[in-house]
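> The chain contents come next:
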Amino acid sequence: MKRLVVVGNGMAGMNCLEQILKHEPRFRVTVFGDETHVNYNRIMLSSVLAGEKPPDDIVINPVEWYRTHDIDLRVGVRVVDVNSEEKTVTDAQGQMTPYDTLLLATGSSAFLPPIDGLHRSGVLAFRTLDDTRELLRRAGPGVKAVVIGGGLLGLEAARGLQVQGCDVTVLHLASTLMERQLDPDAGQYLLGKIEDLGVRVLLGRTTTAILGSNGHVEGVALSDDTTLEADLVVVAAGIRPNVDLAYKAGLHVNRGIVVNDYMETSDPDIFAVGECVEHRGVCYGLVAPLYEQGKVLAATMTGNRGPTYTGTVPAAKLKIMGVDVFSAGDWSEQNAEPVRFEDRALGVYKKLTVRDGKLVGAILVGDVSDSHRYMDWLRTSADIAAQRRHLLFPPPAADAGLDVASMSDAATICGCVGVSKGTIIAAIHDKGVNTMSQLKECTRASTSCGSCASLCQGLLRAVAPEFEDEARRVLCGCLPFAEDRLRDILRSQKLKSVQEVLEIYGNGIGCEVCKPALSYMLDMLWCGDHDEDRSARFINDRVHANIQKDGTFSVIPRIRGGVTSPDELRRIADVADKYHVPMVKITGSQRIDLLGIKKADLPGVWADLGMPSGQAYTKGVRMVKTCVGTEFCRFGTQDSTGAGVEMERRFEQLFTPHKVKMATVGCPRNCAEATVKDIGLIGIEGGWQVVVGGAAGKSVRKADLLVTVETTEQALEASELFFQYYREHANYLERTYDFVERLGIEKVRKETVYAPEAVRHALLDRLKKSKARASDAWLEGRTPRTAAQFIPLTALDARLEGGQEDIAQSRRSLNGRESEAQPRTVMA
Amino acid sequence: MSDTRWIRLTDAGNVPLREGREVKVGTRAIAVFNLGDRYLAVDNRCPHKLGPLADGIVTGASVVCPLHAWRVSLETGEVERPTAGLGQCVRAYPTRVEGGVICVELPAGVSCGEAA
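Top line first, the protein sequences correspond to chains C and G. Heads up, the first sequence is in the numbering used here, so the first residue is 1 and it goes up one at a time. Heads up, the second sequence is in the numbering used here, so the first residue is 829 and it goes up one at a time.
Keep in mind that the hints were calculated from the coordinates and are not lab data. Some clues are possibly wrong.
What the hints assert, rightly or not - The calculated DSS-like cross-link candidates involving lysine-lysine, where the alpha carbons are at most 30 angstroms apart (straight line), are:
{"hint": "1", "chain 1": "C", "residue 1": "LYS578", "chain 2": "G", "residue 2": "LYS877"}
{"hint": "2", "chain 1": "C", "residue 1": "LYS659", "chain 2": "G", "residue 2": "LYS877"}
{"hint": "3", "chain 1": "C", "residue 1": "LYS144", "chain 2": "C", "residue 2": "LYS53"}
{"hint": "4", "chain 1": "C", "residue 1": "LYS578", "chain 2": "G", "residue 2": "LYS852"}
{"hint": "5", "chain 1": "C", "residue 1": "LYS578", "chain 2": "C", "residue 2": "LYS598"}
{"hint": "6", "chain 1": "G", "residue 1": "LYS877", "chain 2": "C", "residue 2": "LYS248"}
{"hint": "7", "chain 1": "G", "residue 1": "LYS852", "chain 2": "C", "residue 2": "LYS496"}
{"hint": "8", "chain 1": "G", "residue 1": "LYS877", "chain 2": "G", "residue 2": "LYS852"}
{"hint": "9", "chain 1": "C", "residue 1": "LYS659", "chain 2": "C", "residue 2": "LYS549"}
{"hint": "10", "chain 1": "C", "residue 1": "LYS768", "chain 2": "C", "residue 2": "LYS750"}
{"hint": "11", "chain 1": "G", "residue 1": "LYS877", "chain 2": "C", "residue 2": "LYS549"}
{"hint": "12", "chain 1": "C", "residue 1": "LYS87", "chain 2": "G", "residue 2": "LYS852"}
{"hint": "13", "chain 1": "G", "residue 1": "LYS852", "chain 2": "C", "residue 2": "LYS698"}
{"hint": "14", "chain 1": "C", "residue 1": "LYS358", "chain 2": "G", "residue 2": "LYS877"}
{"hint": "15", "chain 1": "C", "residue 1": "LYS769", "chain 2": "C", "residue 2": "LYS494"}
Keep in mind it's a predicted model, so treat the numbers as computed, not measured.
With the rest of the complex left out, here is chain C:
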């Protein structure tokens, strides 16, 4: 067997190695990586920095993969020399390793501009997982961060740091952000969006020095003689191919290692792939071309020389939530016809460049939904004459599958991993793929940046026989519409009663599935200004208590944030005595449950308690569990109790698609379990983390980070935005953890905390309106809606029949709980 030595354990090198192994494993493989990790997805580092993904989630090939393929993996070992005469490489420890074939996949490094003081502690690049971990360690609320470089990487770093609570300034040499990808107009749109996020941008500035004392950074000096304070400086001024080893091996090197169309270098036993390579004068820094190179190189190296690499249309997508930017090809207007659209209010800018009836370049800001269409045209040099009228907006689709249907089989669906439409269709047909997760497992499509998820779903919908799209599922047979469609109908047709909806759009009858769902939708859409029909509500919402197995009810008063008083406790005890409550129980939600109360007693119990409803019986706002926070706890960093009580006050009395449980904790020790709640506030030094979509029920799910903020008011507002967004967009009976999982936290963030100001205001306004109309349901105890809402009826001719029997009692005994029917609380 020949010895293959791979220098570089990154995405390009390992992807190429995967391709080589696919051909035939005739190599004994050694892989050197100077980072101390297995191969991970470098593209996702921005997501790790922004707290959207834990570092473990971005591993591409785990250790087992290397083991399975018998690969000798040397992590944390840097190769420092190549001897192409002797055919050996030498590592930093001086050890020599012989090779028959050498693959250089050394990638690139951050370009460090000539600035004084780059050695200071607190000056970092943003290239590796270690860089990212170090940035996360140093970032936090109030930390002043300066990012040098307003390109793709710099902006992603800036955004990540800002999500972590830093006060961020971006310094950019050029007068346009991302000037290599965007024209000045598009740059202006991007600038607005970045500034809207709260990141400061200074254009046309050169950094002259990093200032500091005791070896630590304290600021930066600019060319205009001003200075900026900084606790953290990120240098993202571009990348340079790592070509040192190639020089030492005597290879032909320009900017990168020069390769031909077969991916061969000037040495027949040495190959190169990835960012360190220069092909036809171009060095690529994006993943898709590197994977294409890897495929060709794998063929060449395994004796299947034939396929050629002819270059890739450069394309870039900015991965910042809520800031959609796409750029591809040659978008300069020289010798090309520009086709343009812009809408300042929407923040949408689109420009295409057309030459000889073919698309040659595209820039999209604010709406990148057509990027796949344009990439396909660019890649195939398609004649777009027939599409000329629909260049900027696709023709209205007859159905959702049309968009993917019109793509060719060779068209790339997943640009990150390089999966074509044909590959996905083959997986569906040959391997019985029916779901997104099966598709990911089988083809790896949509496992990287995830931006092709909707296309993948569209394909599954169109081709897979068993595919069922959660979001499109109809409510029930009575009313055959998906819930989002129903909400549109209710809104546009101004329908305000359940029966009306059923009569116009359904079977006129309805059932226990659609009636409560419609009741909720109407209440939410009209902010309480609708015709409330109690017959369409579950019994719990007719009598505002939770029905138990014996037909009695459970009563839980609101105890905001779990904070009560001796007076309230005395009243609760008195009620328990007076109504012979069989069980008084402390719940897991820091509340008190009175169980076994007869329907007829409910109004009396409520009046005697003198406390509002805790809504423990409904799909609505349950509670905010709190820890004692700074009030009493030695470790508390925030007043979690105060914040929790206020949060409960703001949300209580409202209905939601499913129950909403919340918690606030004063420090990351998480004593009130905020990370497994629908909404949680986690106090940190100098701020709050707002997390959403947690669960600790049938399944356990750790909540996703929505945003990190400095003040309690900001944390509450972020919660309100998410809360109202969930109310408006979740399907009925969909908990937040399914909702967030279905939409993806990226989309949720984009449409809540990072939505345009007008959108955020509108969400808060509607919440305010609903809140203004909401009231304590237990007030109905005093003024019942119907005569016999609570009072039991006795037949007018009852005297004709025998003695009375307590029906509830008989139910209990028939359920085998006779003994528990007796009061549990000891009477004085």
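Given the coordinates of chain C, assemble chain G onto it according to the supplied hints.
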């Protein structure tokens, strides 16, 4: 049949549209429902786990028990769902409205509370 008798249950106004109410007739608990054009009455105990049918959601001429969502016909008293419950039933009572009062026809000689 001659032993049956009609008794007056309650004012029709006590049972809101598409809702049910429990009315006690001695030891018997009857669930009476307002379907808009007529009133229907069955025993207020689901054949499954004795759930209070009067507290269920009405769907057409059936009710869905609030405890475990068994669906019971208000016309015949027969369980319509789930399949495991088919063949079981509750007693359904003939009804009529007289002078704004809902009346049901009780069979004589049936011990109270027993399902038909």
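> Work down the list of hints and note, for each, if the structure agrees.
Evaluation of the provided hints:
At roughly 29 angstroms between alpha-carbon atoms, LYS578 (chain C) and LYS877 (chain G) fall within 30 angstroms of each other, so this suggested pair holds. For the suggested pair LYS659 (chain C) and LYS877 (chain G), the alpha carbons sit about 26 angstroms apart, so the restraint of at most 30 angstroms is met. Only pairs whose Cα atoms come within 30 angstroms are accepted, and LYS144 (chain C) paired with LYS53 (chain C) is accepted, the gap being roughly 23 angstroms. Among the hinted pairs, LYS578 (chain C) with LYS852 (chain G) is consistent with the structure: their alpha-carbon atoms are about 24 angstroms apart, no more than 30 angstroms.
Simply put, LYS578 (chain C) and LYS598 (chain C) have alpha-carbon atoms about 13 angstroms apart, close enough for the 30 angstroms limit, and the pair holds. Under the criterion of a C-alpha separation no larger than 30 angstroms, the hint pairing LYS877 (chain G) with LYS248 (chain C) is inconsistent with the structure, at around 83 angstroms. Proposed proximity of LYS852 (chain G) and LYS496 (chain C) is contradicted: the alpha carbons are some 35 angstroms apart, above 30 angstroms. A distance of roughly 19 angstroms separates the Cα atoms of LYS877 (chain G) and LYS852 (chain G); the hinted pair therefore holds under the 30 angstroms criterion.
The suggested pairing of LYS659 (chain C) with LYS549 (chain C) holds, with an alpha-carbon distance near 20 angstroms, which does not exceed 30 angstroms. Among the hinted pairs, LYS768 (chain C) with LYS750 (chain C) is consistent with the structure: their alpha-carbon atoms are about 21 angstroms apart, no more than 30 angstroms. Pair hint LYS877 (chain G) plus LYS549 (chain C) holds up; C-alpha atoms about 8 angstroms apart against a cutoff of 30 angstroms. Note on LYS87 (chain C) and LYS852 (chain G): the hinted pairing is violated, with a Cα-Cα distance of about 98 angstroms set against a maximum of 30 angstroms.
This hinted pair does not check out: LYS852 (chain G) and LYS698 (chain C) have alpha carbons roughly 40 angstroms apart, beyond 30 angstroms. With a C-alpha separation of about 71 angstroms, the suggested pairing of LYS358 (chain C) with LYS877 (chain G) is violated against the 30 angstroms cut-off. A hinted pair counts as satisfied when its Cα atoms are at most 30 angstroms apart, and LYS769 (chain C) with LYS494 (chain C) qualifies at roughly 17 angstroms.
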